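Student: Each chain, letter by letter, is given below.
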Amino acid sequence: MGNGVHRMPLLRLLKTGSIGVGLLLPSFAIAQSTIAGPTAYVGGTPVMLTLPVTASVGGRCGFAVNNAPSGSFDAGLIDQAAWSNQFPFVLNCNGAARVAVTSANGGLRTAALPSEPGYTGLAPYTVQLGLVGAGGTSATGQCEASSLIAGASAPCSFIGPATQNQGLRITPSSQNLTGAYLQVSAPAYSGPGVLVQGAYSDTLTVTVSAAI
Amino acid sequence: MKSVLSLLAAGSALAFAAAPAQAQTVTTGTVNVTGSVQGRCSVVAPGGAATSSFSGTISLGALDEADGTLAPSLEGTTSAASGGSPVITRVVCTAASVSLAIAADTLANGTRGTAPATGYASEIDYTAEMQVGLAAGGNATVSYNTATGAAASNSATVGRLATSANNVTVRAFGFTTRGGSSNLLVAGNYASTITVNVQPAA
Numbered sequence: 000m001g002n003g004v005h006r007m008p009l010l011r012l013l014k015t016g017s018i019g020v021g022l023l024l025p026s027f028a029i030a031q032s033t034i035a036g037p038t039a040y041v042g043g044t045p046v047m048l049t050l051p052v053t054a055s056v057g058g059r060c061g062f063a064v065n066n067a068p069s070g071s072f073d074a075g076l077i078d079q080a081a082w083s084n085q086f087p088f089v090l091n092c093n094g095a096a097r098v099a100v101t102s103a104n105g106g107l108r109t110a111a112l113p114s115e116p117g118y119t120g121l122a123p124y125t126v127q128l129g130l131v132g133a134g135g136t137s138a139t140g141q142c143e144a145s146s147l148i149a150g151a152s153a154p155c156s157f158i159g160p161a162t163q164n165q166g167l168r169i170t171p172s173s174q175n176l177t178g179a180y181l182q183v184s185a186p187a188y189s190g191p192g193v194l195v196q197g198a199y200s201d202t203l204t205v206t207v208s209a210a211i
Numbered sequence: 000m001k002s003v004l005s006l007l008a009a010g011s012a013l014a015f016a017a018a019p020a021q022a023q024t025v026t027t028g029t030v031n032v033t034g035s036v037q038g039r040c041s042v043v044a045p046g047g048a049a050t051s052s053f054s055g056t057i058s059l060g061a062l063d064e065a066d067g068t069l070a071p072s073l074e075g076t077t078s079a080a081s082g083g084s085p086v087i088t089r090v091v092c093t094a095a096s097v098s099l100a101i102a103a104d105t106l107a108n109g110t111r112g113t114a115p116a117t118g119y120a121s122e123i124d125y126t127a128e129m130q131v132g133l134a135a136g137g138n139a140t141v142s143y144n145t146a147t148g149a150a151a152s153n154s155a156t157v158g159r160l161a162t163s164a165n166n167v168t169v170r171a172f173g174f175t176t177r178g179g180s181s182n183l184l185v186a187g188n189y190a191s192t193i194t195v196n197v198q199p200a201a
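For the record, the sequence lines run as chains A and B. At position 73 of the first sequence (counting the first as 1) the number is 72 in numbering that gives the first Met the number 0, and the numbers step up by one without a gap. At position 24 of the second sequence (counting the first as 1) the number is 23 in numbering that gives the first Met the number 0, and the numbers step up by one without a gap.
Simulated from the structure, these hints should not be mistaken for lab results. For clarity, every value in this text was computed on a predicted model and none was experimentally measured. Every residue gets a Cβ at the ideal spot worked out from N, C-alpha and C, and that includes glycine. Heads up, a few of these hints could be off.
To be verified - Where chain A lies over chain B, by a calculated footprint (3+ residues, C-beta under 8 angstroms):
hint : region
1    : 34-41
2    : 53-64
To be verified - Not the full set, but computed from the structure, chain B residues with beta-carbon under 8 angstroms of chain A:
hint : residue
3    : Val25
4    : Ala134
5    : Ala161
6    : Thr162
To be verified - Okay, the calculated bits of chain A under chain B, using three or more residues with CB under 8 angstroms as the criterion:
hint : region
7    : 66-78
8    : 127-141
9    : 148-158
10   : 165-178
I would like the entire structure built from these sequences, with the hints used as guidance.
Tutor: So this is what it looks like as structure tokens:
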């Protein structure tokens, strides 16, 4: 306890800037270095302090501003003609990312499903997801909308919501690259069952997450 | 006390500066897909493409018996035991409510409405009937008797049609000689047309 440094008030040390940085920086260091801190002189006795300094760049992942998948598409008479549409989007992820899709109805659905045998109010369609990554990488996946509804018995590999482990993965990063898309398509419905007269709809929710 | 306050202020500033930079991004996108199915009825034979019409022939064979009058086998026909072989097909309707209509003209040899010599007949009246299977079970029928001479077709509105094969049957029965059953049928070929219509109810 005869060492003058040990008697130095903590506040004084902090006011010098000697240790404040180390205490306040984030603990989830990705890059780190070790420096020799400034010499503190108290009572003429030099003391060397070794202070770890850490820093990181936080994972950033989302859709680029104004470039999230959005909009509506009218497939027309779904029992008369094939249909297809692409919804482009742009990712802004500075690391690996995963994109996932959820279907609200599991297909194009009428407001009221028919009860009579042989009739249906749910029309299947296909959802295709295409991603592009830095360095020319790409990833694609395709599933039936029926496998994208929550609780599906045989869920699609990229059913949402996206998490670090769930969704179609693109590496090493995808920052403001064009070419990613969500495509929906179907041939003219031909059965089984007869589609009942009415309006059909579905909503797809696309989510993105940084991937491990 | 003053020092402590200064320290906290400085610490807050450092902590804020050290936080990872956040760009403006969103993590959810939503798209809507819509479509529609019109109310329609189509003729769809098993394994075949949808068409808008169908046709067929009910072949009655010889109409007369030995004495020249209409054969009793035709006079005694009923819906359950009709003349000739019915025309059967499959009609698919998307609508919940379906309108049926049927009309026919007499089975005639030559120009209709032209009476042959007394004691003879060249027209035969009968009942044309369309029977449809219903998705809810059972059948519904609509018929037209040529003896009434009605200009308009007879119609009925029913529920969803059964989607099974052969859900529509068109038949002819209850034949009677125009002018009386004792009239002799004029020799020749007799023909008639039954017109049926199946469409979504308005």
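Student: All hints, please: hold or fail.
Tutor: The hints, checked one at a time:
Against chain A, the region 34-41 of chain B contributes 6 residues with a C-beta closer than 8 angstroms to a partner C-beta. That satisfies the three-residue criterion, and the hint holds. Coverage of a stretch by a chain is defined here by at least three residues with a beta carbon nearer than 8 angstroms to that chain's beta carbons; for the region 53-64 of chain B and chain A the count is 0, and the condition is violated. With a cut of 8 angstroms, the hint placing Val25 (chain B) at the interface with chain A holds, because the nearest CB-to-CB distance is about 5 angstroms. For Ala134 (chain B), the interface hint holds, the least distance from its beta-carbon to any beta-carbon of chain A being 4 angstroms, beneath 8 angstroms.
For Ala161 (chain B), the shortest C-beta to C-beta distance to chain A is roughly 7 angstroms, which falls under 8 angstroms, so the interface hint holds. The beta carbon of Thr162 (chain B) comes within 3 angstroms of a beta carbon in chain A, closer than 8 angstroms, and the hint placing it at the interface holds. Here's how the region 66-78 of chain A fares: 12 of its residues keep a CB closer than 8 angstroms to some CB of chain B, so the rule of at least three is met and the hint holds. Check on the region 127-141 of chain A: 0 of its residues sit with their Cβ under 8 angstroms from a Cβ of chain B, so the three-residue criterion for coverage is violated.
Restraint check on the region 148-158 of chain A versus chain B: 0 residues with Cβ-Cβ distances below 8 angstroms, three needed, restraint violated. Only residues whose C-beta sits within less than 8 angstroms of a C-beta in chain B count toward coverage, and the region 165-178 of chain A has 0 of them, not enough to reach three; the restraint is violated.
Checked against the numbered hints given earlier, the structure breaks hints 2, 8, 9, 10 and satisfies all the rest.
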